[in-house]
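With the hints as your guide, set chain B onto chain A.
Number of protein chains: 2
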Amino acid sequence: MKDFIHHLDKAFENRLRLGIMSVLMVTESADFNHLKESLGATDGNLASHLKALEKTGYVSMEKRFVGRKPNTSYSATEQGREAFKKHLSALEALIKGSM
Amino acid sequence: MKDFIHHLDKAFENRLRLGIMSVLMVTESADFNHLKESLGATDGNLASHLKALEKTGYVSMEKRFVGRKPNTSYSATEQGREAFKKHLSALEALIKGSM
Numbered sequence: 001m002k003d004f005i006h007h008l009d010k011a012f013e014n015r016l017r018l019g020i021m022s023v024l025m026v027t028e029s030a031d032f033n034h035l036k037e038s039l040g041a042t043d044g045n046l047a048s049h050l051k052a053l054e055k056t057g058y059v060s061m062e063k064r065f066v067g068r069k070p071n072t073s074y075s076a077t078e079q080g081r082e083a084f085k086k087h088l089s090a091l092e093a094l095i096k097g098s099m
Numbered sequence: 001m002k003d004f005i006h007h008l009d010k011a012f013e014n015r016l017r018l019g020i021m022s023v024l025m026v027t028e029s030a031d032f033n034h035l036k037e038s039l040g041a042t043d044g045n046l047a048s049h050l051k052a053l054e055k056t057g058y059v060s061m062e063k064r065f066v067g068r069k070p071n072t073s074y075s076a077t078e079q080g081r082e083a084f085k086k087h088l089s090a091l092e093a094l095i096k097g098s099m
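Same order as they appear, the protein sequences are chains A and B.
For what it's worth, the working numbering labels the leading residue of the first sequence as 1, then goes sequentially.
For what it's worth, the working numbering labels the leading residue of the second sequence as 1, then goes sequentially.
No wet-lab data here; the hints were simulated from the structure.
Honestly, I wouldn't trust all of these hints.
Note that identical chains are pooled: a pair holds if it fits in a single copy or bridges any two copies.
When the alpha-carbon atoms are kept at most 27 Å apart in a straight line, the in silico DSSO-like pairs for lysine-lysine are as follows [stated by the list, open to error]:
hint	residue 1	residue 2
1	K96	K36
2	K96	K51
3	K36	K86
4	K63	K51
5	K36	K51
6	K69	K51
7	K86	K55
8	K85	K96
9	K96	K63
10	K86	K69
11	K10	K36
12	K55	K85
13	K96	K10
14	K51	K85
Isolated chain A (complex conformation) (with noise of 0.2 Å):
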C-alpha cells in the first residue's frame, strides 16, 4: 500500500504553497514582496495562496508599521512546519519509490 500518500497534506498539493513554505520555513518571516519576487507569483495568486494556508493554521501573517509604510509579513507557524517536515518525508518516501 503506497503510504506516502495519505501522509501528503492536501494543504501543500500546490507549487505556489510548496513554494511560499520552502521559503518560511528557511526565514523567522518574510514580507509580501520578498515572497512575491522570491516565487515570481502574481498578486492575486500568492494573495489567495497565503490566505488558504492562514485559514489552515500553517502560516501567520503580521501587519506593522515600517516607518510610516504598513507593511504585512508572514511567518510558517509551529503547526505549519511540523506539517510541512511530514509532508517532505512524505515526498522522500515517493522519491525513493519511484526509483
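Frame of chain A; chain B shown alone:
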C-alpha cells in the same frame, strides 16, 4: 529565485496522480484494480485522474481480454516517465531548499 517551482509539473499537483505515476514508474503496466488497491483510491477518483494523465500523454491505456474477461491496464509513456523524473528532481530541490 525558487526555480524548482517552474520545474514542478501541474499535471502531478495531486496526491493520487503522484501515487499513480509512482506505481507505474516501477512496473511495466498495472491494471485498474491493482492501482485501486495499492493506492486506496475510489473507482471514480482513480478513473478521473487516470483520464487526466492520459490526456497529457503521460499514461497510456490498453484494453484486452484475459480469458473471457475484459481487462484494462495502464502504463507510463516515455514522455510520462521523463516528465515525472523531472518533477521528482524539482521536489528534491524543494526538500533540500527547505531544510
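Verification of the hints:
no.	hint	in the structure
1	K96 / K36	between (32 Å within a copy, 21 Å between copies)
2	K96 / K51	between (32 Å within a copy, 25 Å between copies)
3	K36 / K86	both (25 Å within a copy, 24 Å between copies)
4	K63 / K51	within (14 Å within a copy, 45 Å between copies)
5	K36 / K51	within (14 Å within a copy, 34 Å between copies)
6	K69 / K51	within (22 Å within a copy, 50 Å between copies)
7	K86 / K55	within (19 Å within a copy, 31 Å between copies)
8	K85 / K96	both (17 Å within a copy, 12 Å between copies)
9	K96 / K63	neither (41 Å within a copy, 30 Å between copies)
10	K86 / K69	neither (37 Å within a copy, 42 Å between copies)
11	K10 / K36	both (22 Å within a copy, 19 Å between copies)
12	K55 / K85	within (19 Å within a copy, 32 Å between copies)
13	K96 / K10	both (20 Å within a copy, 21 Å between copies)
14	K51 / K85	within (20 Å within a copy, 31 Å between copies)
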